[in-house]
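**Student:** Chain residues, written in single-letter form:
There are 2 protein chains.
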Amino acid sequence: MASAETAIRPTRAENFSEWYLEVIKAADLAESSTVRGCMVIKPWGYALWEHVQRVLDGMFKATGHVNAYFPLFIPLSLLEKEAAHVEGFAKECAVVTHHRLEARDGKLVPVGELEEPLVVRPTSETIIGESFARWVQSYRDLPLLINQWANVVRWEMRTRMFLRTAEFLWQEGHTAHATEQEAIDETMQMLGIYARFAEEWMALPVVQGEKTASERFPGAVRTYCIEAMMQDRKALQAGTSHFLGQNFARASGIQFQDEKGALTHAWTTSWGLSTRMIGAMIMTHGDDDGMVCPPRLAPQQVVIIPVIQKPEVREQVLAWCAELKRELEAQSYAGAPVRVHLDARDVQGAKKSWEWIKKGAPIRLEVGPKDIEKGAVFMGRRDRKPREKQSVPRGELVAGVGALLQEIQDALLRRARAVRAEHTRPIDTKDEFYAYFTPPATVRPNDPTPIHGGFALAHFSGDPAVEARIKEDLGVTVRCIPLEPGEPGTCPFTGQPSPKRVVWAKSY
Amino acid sequence: MASAETAIRPTRAENFSEWYLEVIKAADLAESSTVRGCMVIKPWGYALWEHVQRVLDGMFKATGHVNAYFPLFIPLSLLEKEAAHVEGFAKECAVVTHHRLEARDGKLVPVGELEEPLVVRPTSETIIGESFARWVQSYRDLPLLINQWANVVRWEMRTRMFLRTAEFLWQEGHTAHATEQEAIDETMQMLGIYARFAEEWMALPVVQGEKTASERFPGAVRTYCIEAMMQDRKALQAGTSHFLGQNFARASGIQFQDEKGALTHAWTTSWGLSTRMIGAMIMTHGDDDGMVCPPRLAPQQVVIIPVIQKPEVREQVLAWCAELKRELEAQSYAGAPVRVHLDARDVQGAKKSWEWIKKGAPIRLEVGPKDIEKGAVFMGRRDRKPREKQSVPRGELVAGVGALLQEIQDALLRRARAVRAEHTRPIDTKDEFYAYFTPPATVRPNDPTPIHGGFALAHFSGDPAVEARIKEDLGVTVRCIPLEPGEPGTCPFTGQPSPKRVVWAKSY
Ligand SMILES: [Zn+2]
Ligand SMILES: [Zn+2]
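Protein sequence lines correspond, in order, to chains A and B. Quick note on numbering: the first sequence equals residues 1 to 508 in the UniProt record's numbering. Quick note on numbering: the second sequence equals residues 1 to 508 in the UniProt record's numbering.
Next up, chain A with everything else stripped away, as it sits in the complex:
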């Protein structure tokens, strides 16, 4: 590979959405399947998800939640119970109608029609509500703090790997409380956990905020989210937390006797985070050489690449590397032993090195006979240029590996924050707003839309018609009303008073 070239073509600037698919391919994260809209999550991509699961699961348990598992199928009659909810999901439901296959004229056909069709869960409020109604009798049974790790299906027409697929993996928390305040506190607590996870573990700076009515979860009273900026300056919703009021409790009959003996409906919440997060990591940290894994979630944090030119040194080099691996694994980082991979395949060193760059391993260590003589390794960091490598004494490397991984983690977060800061702009007039989000002209008519815009912090009086108009004109929506305090002002679209600036952006 010539030094001016990058490993991924097109580059981000050339065609961001093509670049995204090429990174997924080059890093071996996932692939499309023959099943319309469904993806196969390959081992390197799934391992990222396993670390997301491990860390989040720990955070949920530390705040008193327990896991359970509810049916994949939801009878139509259950789904129908909450009107806004069913309306929100009806258009994208996979429906099971038969329970048997029979060969007819050499072809399999569905037979055994079900009396009541079953929907493959798009989310589980209704099916879980049905259990909660049985589990909750008295105030003593509350709060009920449940989480589920599961697959869900939403029949999207336009799909995109990790970001929008017919089936995806996620966790969905569902809780019931005796008072409105407790349910609101839970909603905000979980939003805070998502924000902390995003920043501390994914190196993903996020804005915490509330959705406007038009972007609210179907059936919720209030929807909160964390929003992140991708490198193409679009927003990505990275986790949502819903205060459901008593809507679902009424629909499902979740009632309890309070301390005075009166029967009242519980207050519920739900909150979810999905495999979409892997898409967020790619589009936040990835560069023109491929994936960049945040060290805390990287499936392998250190990869040792033996560089063996002559077969006679092979054994000695491999033995030295194996010992180095053991020493590094004895170190710990972010509460777990350092994850080290020794790539002993009989493949050229430079080729292996590029593979690990594309996969985004945080630290690469090249080890040849000369390095061994010096008692050193040749180290490359994924947050720096591929050729920016340095010799590091073995002992220094081993002792400092945890600190080094955190240094890379910090660098990724700093970089992502800088990108976001650079492309976040307070805007006070409608003209400026429209100009900000209008794509610059392309050189050739078939070129992809150049990267433009970002987060506009503009006042908004809250009129849904204005939102709808801007969405139609520019494809821009209110991503959230930030939780952070802000100053009141004037809405540039209506001239009406606005309590604070909101975040406007194009989004995934």
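Warning: the hint list may mix true and false statements.
If chains are identical, the list can't say which one is meant, so a pair holds when it fits in one copy or spans any two.
Claimed, not checked - Think about it this way: if two alpha-carbon atoms lie no more than 20 Å apart in a straight line, the pair counts; the simulated PhoX-like pairs of lysine-lysine are:
| hint | residue 1 | residue 2 |
| --- | --- | --- |
| 1 | Lys61 | Lys325 |
| 2 | Lys91 | Lys107 |
| 3 | Lys260 | Lys310 |
| 4 | Lys81 | Lys107 |
| 5 | Lys385 | Lys352 |
| 6 | Lys389 | Lys81 |
| 7 | Lys260 | Lys81 |
| 8 | Lys352 | Lys389 |
If you're looking for bench data, these hints aren't it; they were derived computationally from the structure. The structure presented is a predicted model; accordingly, all values stated were derived computationally and were not measured.
Given chain A, put chain B with the ligands in place with the hints provided.
**Tutor:** Chain B with the ligands only, in chain A's frame:
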């Protein structure tokens, strides 16, 4: 509760299958849902599964396997590819035929018919084979060692919680190899891992063996399994490992260039273990007072129960218990910190104690002001009678908790082995065989069938017609042909020579 009574009614002897359901209820492990044949796995049951997952996943990774995730849906055309396979599963497939719901006359109806119906995966050989065909090109790509944690659906007509449900959770391993021998070695390695997991972690003694043709996995060349004896003397298949030969590789087109450049089909395996294991734990270790969790997989290994008669001592007792909890958690057992729960609910001590007996917590510690004065706790072990409790000095308990948990684990395995030994019998004549499996008369005509039979070790010449006849007459089948070496002999049913004794039993 009077001392002669037990917590679960009916008892095992009175009605084993009713007892089973009552234990699930009393231990709060699971419940039926309104979705036909589907269950809700409640937190205590799901936590057992989480520990099964954690330990097995570690064993899989230690043998070089990685996790991935494949689509929930299988297009009919893919499922059809392996003839025996589709025939085996066609009768129990949930089929998705529509992708939208529409309100008509105030009722939701499925619309948007799919061009090709999709089957909800009953197992994933065909959908994974489709990916493997892309991933495998050269002998260098082999072996491919993949595992998936997933839900699967088999539309069973008669369901039973944990043992046979329309949807269940499992892991399914799928591997591809360059040679027949490597694939066979993998098949046997995974069978061995299941056997080791069952014995060391679940305290479940198992027979490893091969299935006869009639019980083989649809499409497999050979199916191996581990079989355990439940307390009603029926067999339960607790994990299967299949050598698939080149059948699925041919069906899916998994081909590779070998070292000489010739194109050949890979050899594949698959192996699975499911939430059925929780049913096995209940029926192996449970007693007339409820669930008995094997300590290594118990969600909580030690439960501290403050016994507070007077409110004024509450704070002091709780503080002492909290400190005890911290000390116990600093101990480790089976490679992890001891899992300790402090049950601080404002509920009578005896009531709490019975709840934890029914849930099967291995060690209960009752702590009142007098125990604190003595610097001791009042300890109950779940492998002993509920009232067989003893005072143990605090320091001794803390230092010895790991050893004590292993003592209980060993006791459970020993007990299960003794039950199996007592009800395993070599049988050499057809009459004795029929007598062994014929239910004794019931006292009243409506009484449940008394527990009888067990494992019959009888010779078998291998004639499928004999198997079919015995299944029809007695509901007894060959559970497996044990791997352990045996002596040749004569089949009592045909008079033909038999290579070795096989295990016959009624089964779940
Ligand atoms: Zn948002
Ligand atoms: Zn078996």
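**Student:** Work down the list of hints and note, for each, if the structure agrees.
**Tutor:** Hint check:
no. : hint               : result
1   : Lys61 with Lys325  : between (32 Å within a copy, 17 Å between copies)
2   : Lys91 with Lys107  : between (30 Å within a copy, 14 Å between copies)
3   : Lys260 with Lys310 : neither (83 Å within a copy, 24 Å between copies)
4   : Lys81 with Lys107  : between (38 Å within a copy, 12 Å between copies)
5   : Lys385 with Lys352 : within (16 Å within a copy, 61 Å between copies)
6   : Lys389 with Lys81  : neither (61 Å within a copy, 51 Å between copies)
7   : Lys260 with Lys81  : neither (29 Å within a copy, 64 Å between copies)
8   : Lys352 with Lys389 : within (15 Å within a copy, 62 Å between copies)
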